[in-house]
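Participant: Under the working numbering, think of the first position of the sequence shown as -11, with each following residue one higher.
Hint data in this document are derived by calculation from the structure and do not stem from the laboratory. Just so you know, these numbers come straight off a predicted model, no measurement behind them. Do not rely on the hints blindly, as some may be mistaken.
[Unchecked claim] With a straight-line Cα cutoff of 20 Å, these simulated EDC-like cross-link-like pairs (lysine to aspartate or glutamate) come out:
1) K165 - D90
2) K195 - D144
3) K142 - D90
4) K16 - D28
5) K16 - D41
6) K192 - D90
7) K88 - D41
8) K16 - D90
9) K6 - E18
10) K192 - D89
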Amino acid sequence: MSIVLIAIILLNVLVSFKGFNDISFFRKYEFHIGSIRSGDQVRMFSSAFLHADISHLFFNMLTLFFFAPVVIGYMGELSFLLVYFSSLIFGSLLTLLLHKDDYSYRAIGASGAVTGVLFSAILFEPMMMINFFIPAYLFGILYLLYSIYGMRAKNDNIGHTAHFGGAIGGYLITLVKEPHMFTDNTLTVVALAIPIAILFIMAKLGKL
(Lines of atoms letter the chains of each structure in order from A and count residues from 1; the text may use other names and numbers.)
(Lines give C-alpha, C1' and ligand atoms only; values in the text may rest on other atoms or scores of the structure.)
Protein backbone atom coordinates (compact mmCIF):
# COMPACT_ATOMS: atom_id res chain seq x y z
CA MET A 1 0.00 0.00 0.00
CA SER A 2 1.13 3.57 -0.73
CA ILE A 3 3.10 5.31 2.04
CA VAL A 4 1.19 8.51 1.23
CA LEU A 5 -2.15 6.77 1.74
CA ILE A 6 -0.96 5.26 5.02
CA ALA A 7 0.18 8.71 6.17
CA ILE A 8 -3.22 10.28 5.44
CA ILE A 9 -5.07 7.49 7.22
CA LEU A 10 -2.77 7.77 10.25
CA LEU A 11 -3.20 11.56 10.35
CA ASN A 12 -6.98 11.16 10.34
CA VAL A 13 -6.80 8.54 13.09
CA LEU A 14 -4.45 10.57 15.31
CA VAL A 15 -6.36 13.85 15.00
CA SER A 16 -9.73 12.12 15.41
CA PHE A 17 -8.67 10.29 18.58
CA LYS A 18 -7.32 13.55 19.97
CA GLY A 19 -10.75 15.06 19.32
CA PHE A 20 -12.53 12.08 20.90
CA ASN A 21 -10.65 12.68 24.15
CA ASP A 22 -10.34 16.48 24.17
CA ILE A 23 -13.58 18.40 23.66
CA SER A 24 -11.84 21.79 23.68
CA PHE A 25 -9.56 20.61 20.85
CA PHE A 26 -12.60 19.28 18.99
CA ARG A 27 -14.51 22.57 19.34
CA LYS A 28 -11.48 24.63 18.38
CA TYR A 29 -10.94 22.86 15.04
CA GLU A 30 -14.40 21.75 13.90
CA PHE A 31 -16.11 23.43 10.95
CA HIS A 32 -18.28 26.21 12.39
CA ILE A 33 -19.75 28.90 10.14
CA GLY A 34 -19.80 31.62 12.79
CA SER A 35 -16.16 31.09 13.70
CA ILE A 36 -15.03 30.85 10.08
CA ARG A 37 -16.83 34.05 9.13
CA SER A 38 -15.14 35.72 12.10
CA GLY A 39 -11.76 34.85 10.57
CA ASP A 40 -10.93 31.41 11.99
CA GLN A 41 -10.51 29.88 8.55
CA VAL A 42 -8.14 27.10 9.56
CA ARG A 43 -11.31 25.21 10.53
CA MET A 44 -12.11 24.76 6.83
CA PHE A 45 -9.08 22.47 6.68
CA SER A 46 -8.70 21.09 10.19
CA SER A 47 -12.33 19.93 10.48
CA ALA A 48 -11.68 17.33 7.78
CA PHE A 49 -9.44 15.37 10.16
CA LEU A 50 -11.99 15.22 13.00
CA HIS A 51 -14.72 12.60 13.24
CA ALA A 52 -17.82 12.14 15.37
CA ASP A 53 -16.96 8.64 16.55
CA ILE A 54 -15.00 5.52 15.64
CA SER A 55 -17.62 4.24 13.20
CA HIS A 56 -17.60 7.58 11.32
CA LEU A 57 -13.80 7.45 11.14
CA PHE A 58 -13.74 3.78 10.17
CA PHE A 59 -16.22 4.17 7.31
CA ASN A 60 -14.36 7.14 5.82
CA MET A 61 -10.97 5.45 6.06
CA LEU A 62 -12.31 2.17 4.70
CA THR A 63 -13.73 3.98 1.66
CA LEU A 64 -10.42 5.76 1.18
CA PHE A 65 -8.52 2.47 1.55
CA PHE A 66 -10.53 0.87 -1.27
CA PHE A 67 -10.63 3.72 -3.79
CA ALA A 68 -7.39 5.65 -3.26
CA PRO A 69 -5.29 2.87 -4.88
CA VAL A 70 -7.29 3.30 -8.10
CA VAL A 71 -6.42 7.01 -8.25
CA ILE A 72 -2.81 6.42 -7.23
CA GLY A 73 -2.48 3.69 -9.83
CA TYR A 74 -3.58 5.99 -12.64
CA MET A 75 -2.23 9.36 -11.47
CA GLY A 76 0.56 8.72 -8.99
CA GLU A 77 0.89 9.80 -5.37
CA LEU A 78 1.38 13.54 -5.92
CA SER A 79 -1.72 13.86 -8.06
CA PHE A 80 -3.64 11.73 -5.57
CA LEU A 81 -2.67 14.24 -2.85
CA LEU A 82 -3.85 17.05 -5.10
CA VAL A 83 -7.20 15.31 -5.56
CA TYR A 84 -7.55 14.60 -1.84
CA PHE A 85 -6.75 18.07 -0.55
CA SER A 86 -8.50 19.92 -3.36
CA SER A 87 -11.65 17.89 -2.69
CA LEU A 88 -11.33 18.69 1.00
CA ILE A 89 -11.25 22.42 0.20
CA PHE A 90 -14.04 22.19 -2.38
CA GLY A 91 -16.22 20.48 0.23
CA SER A 92 -15.56 23.21 2.78
CA LEU A 93 -16.05 26.01 0.25
CA LEU A 94 -19.39 24.67 -0.98
CA THR A 95 -20.54 24.21 2.61
CA LEU A 96 -19.54 27.78 3.44
CA LEU A 97 -21.28 29.06 0.31
CA LEU A 98 -24.58 27.28 0.88
CA HIS A 99 -24.71 27.69 4.67
CA LYS A 100 -23.07 31.11 5.03
CA ASP A 101 -26.06 32.62 6.84
CA ASP A 102 -26.45 29.75 9.32
CA TYR A 103 -23.92 30.88 11.91
CA SER A 104 -24.53 27.83 14.09
CA TYR A 105 -23.82 25.30 11.33
CA ARG A 106 -21.15 22.75 12.31
CA ALA A 107 -19.52 19.90 10.41
CA ILE A 108 -16.63 17.47 10.72
CA GLY A 109 -15.12 14.55 8.85
CA ALA A 110 -12.99 13.56 5.89
CA SER A 111 -16.05 12.74 3.79
CA GLY A 112 -15.55 15.61 1.34
CA ALA A 113 -11.96 14.60 0.60
CA VAL A 114 -12.84 10.91 0.48
CA THR A 115 -15.80 11.52 -1.82
CA GLY A 116 -13.50 13.45 -4.16
CA VAL A 117 -11.16 10.45 -4.32
CA LEU A 118 -14.15 8.17 -4.95
CA PHE A 119 -15.36 10.30 -7.87
CA SER A 120 -11.88 10.48 -9.32
CA ALA A 121 -11.79 6.67 -9.20
CA ILE A 122 -15.20 6.53 -10.88
CA LEU A 123 -13.89 8.59 -13.80
CA PHE A 124 -11.02 6.15 -14.25
CA GLU A 125 -13.06 2.98 -13.76
CA PRO A 126 -16.72 3.79 -14.48
CA MET A 127 -17.68 0.13 -14.82
CA MET A 128 -16.11 -1.16 -11.59
CA MET A 129 -18.68 -2.56 -9.21
CA ILE A 130 -19.52 -0.79 -5.95
CA ASN A 131 -21.20 -2.86 -3.22
CA PHE A 132 -20.79 -5.83 -5.61
CA PHE A 133 -23.76 -4.98 -7.84
CA ILE A 134 -23.91 -1.35 -8.96
CA PRO A 135 -21.64 0.11 -11.68
CA ALA A 136 -19.52 2.98 -10.37
CA TYR A 137 -20.86 5.55 -12.84
CA LEU A 138 -24.47 4.81 -11.83
CA PHE A 139 -23.54 4.90 -8.14
CA GLY A 140 -21.96 8.32 -8.70
CA ILE A 141 -25.07 9.75 -10.32
CA LEU A 142 -27.40 8.35 -7.65
CA TYR A 143 -25.06 9.50 -4.88
CA LEU A 144 -25.11 13.10 -6.14
CA LEU A 145 -28.88 13.09 -6.57
CA TYR A 146 -29.30 11.69 -3.05
CA SER A 147 -26.95 14.39 -1.74
CA ILE A 148 -29.16 17.06 -3.33
CA TYR A 149 -32.17 15.46 -1.66
CA GLY A 150 -30.35 15.43 1.67
CA MET A 151 -29.43 19.10 1.33
CA ARG A 152 -33.06 19.98 0.70
CA ALA A 153 -34.60 17.69 3.32
CA LYS A 154 -32.21 18.66 6.15
CA ASN A 155 -33.52 15.70 8.15
CA ASP A 156 -30.24 14.08 9.21
CA ASN A 157 -26.78 14.93 10.54
CA ILE A 158 -24.93 13.99 7.35
CA GLY A 159 -22.77 16.66 5.71
CA HIS A 160 -24.32 16.27 2.26
CA THR A 161 -22.99 19.64 1.11
CA ALA A 162 -19.38 18.73 1.90
CA HIS A 163 -19.86 15.39 0.14
CA PHE A 164 -21.15 17.12 -2.97
CA GLY A 165 -18.39 19.74 -2.89
CA GLY A 166 -15.78 17.03 -2.50
CA ALA A 167 -17.24 15.15 -5.45
CA ILE A 168 -17.00 18.29 -7.57
CA GLY A 169 -13.39 18.74 -6.49
CA GLY A 170 -12.40 15.19 -7.38
CA TYR A 171 -14.29 15.40 -10.67
CA LEU A 172 -12.74 18.72 -11.77
CA ILE A 173 -9.16 18.06 -10.66
CA THR A 174 -9.16 14.68 -12.38
CA LEU A 175 -10.44 16.20 -15.63
CA VAL A 176 -7.87 19.00 -15.47
CA LYS A 177 -5.05 16.51 -14.86
CA GLU A 178 -6.38 13.90 -17.27
CA PRO A 179 -8.18 15.76 -20.11
CA HIS A 180 -8.24 12.60 -22.23
CA MET A 181 -11.22 11.63 -20.03
CA PHE A 182 -13.40 13.86 -22.21
CA THR A 183 -12.86 11.50 -25.13
CA ASP A 184 -12.10 8.23 -23.35
CA ASN A 185 -15.03 8.34 -20.90
CA THR A 186 -17.30 10.96 -22.46
CA LEU A 187 -20.59 9.46 -21.28
CA THR A 188 -19.40 9.21 -17.66
CA VAL A 189 -18.06 12.78 -17.71
CA VAL A 190 -21.37 14.11 -19.07
CA ALA A 191 -23.53 11.93 -16.82
CA LEU A 192 -21.75 13.10 -13.66
CA ALA A 193 -21.95 16.73 -14.82
CA ILE A 194 -25.76 16.63 -14.96
CA PRO A 195 -26.47 16.41 -11.19
CA ILE A 196 -23.71 19.00 -10.59
CA ALA A 197 -25.51 21.36 -12.98
CA ILE A 198 -28.84 20.58 -11.28
CA LEU A 199 -27.38 21.54 -7.90
CA PHE A 200 -26.19 24.95 -9.03
CA ILE A 201 -29.43 25.66 -10.88
CA MET A 202 -31.42 24.80 -7.75
CA ALA A 203 -29.10 26.95 -5.62
CA LYS A 204 -29.53 29.86 -8.05
CA LEU A 205 -33.31 29.47 -7.84
CA GLY A 206 -33.23 29.26 -4.05
CA LYS A 207 -34.52 25.70 -4.00
CA LEU A 208 -31.96 24.31 -1.54
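Participant: I'd like to know which numbered hints this structure contradicts. Please list them from smallest to largest.
Facilitator: Per hint list: 1 and 7 violated.
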